[in-house]
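Numbering (the working numbering), first residue to last: 1 to 81.
In short, the hints are calculated from the structure, not lab data. It is possible that some hints are incorrect.
Stated by the list, open to error - What follows is a list of derived Cβ distance ranges for each label pair: (1) Ile-25 with Ile-45: 48 to 58 Å; (2) Asn-15 with Arg-55: 51 to 61 Å; (3) Ile-25 with Lys-52: 51 to 61 Å; (4) Ser-76 with Lys-52: 20 to 30 Å; (5) Asp-54 with Ile-34: 22 to 32 Å; (6) Asn-15 with Ser-48: 24 to 34 Å; (7) Leu-36 with Lys-10: 53 to 63 Å; (8) Tyr-74 with Cys-38: 28 to 38 Å.
Because the structure is a prediction, the values reported are computed rather than measured. Glycine residues also receive a C-beta, built at the ideal position from the N, C-alpha and C atoms.
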Amino acid sequence: MSQAKVDNYKKSKANRQKIMKREKIMHRLEMVCIALVCVVFVGWIGYSVYAKIDRAQGTAQETVEFDASAVQNYVSGLTQD
């Protein structure tokens, strides 16, 4: 081996702990970013599906009115007897 290679090897060996620690931190940061992007993507898909279903149900809803006067008259007639 040439002297330059030996010096490089000694230098990398001396800083190996720092290099390994930096690589671990970068790896964790990459995994957190990937997980965050996946969560945002899944949330976006879920919201889109929910909005599409909600919009579809909103147009098909009908309002029903119930006249309860006959029931009230019947109940009031029961209590008077």
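Comparing the hints with the structure gives:
Between Ile-25 and Ile-45 the Cβ separation comes to about 31 Å, which falls outside the hinted range of 48 to 58 Å. In this structure the supplied range 51 to 61 Å holds for Asn-15 paired with Arg-55, their Cβ-Cβ distance being about 58 Å. Distance hint check: the CB atoms of Ile-25 and Lys-52 are about 41 Å apart, inconsistent with the given range 51 to 61 Å. Hint check: Ser-76 to Lys-52, Cβ distance near 48 Å, so the stated range 20 to 30 Å is violated.
About 30 Å separates the C-beta atoms of Asp-54 and Ile-34, a value consistent with the hinted range of 22 to 32 Å. Look at Asn-15 against Ser-48: about 48 Å separates their beta carbons, and that is not inside 24 to 34 Å. A hinted range of 53 to 63 Å for the beta carbons of Leu-36 and Lys-10 is inconsistent with their spacing of about 40 Å. Look at Tyr-74 against Cys-38: about 60 Å separates their beta carbons, and that is not inside 28 to 38 Å.
Going through the hint list in order, the structure does not satisfy hints 1, 3, 4, 6, 7 and 8.
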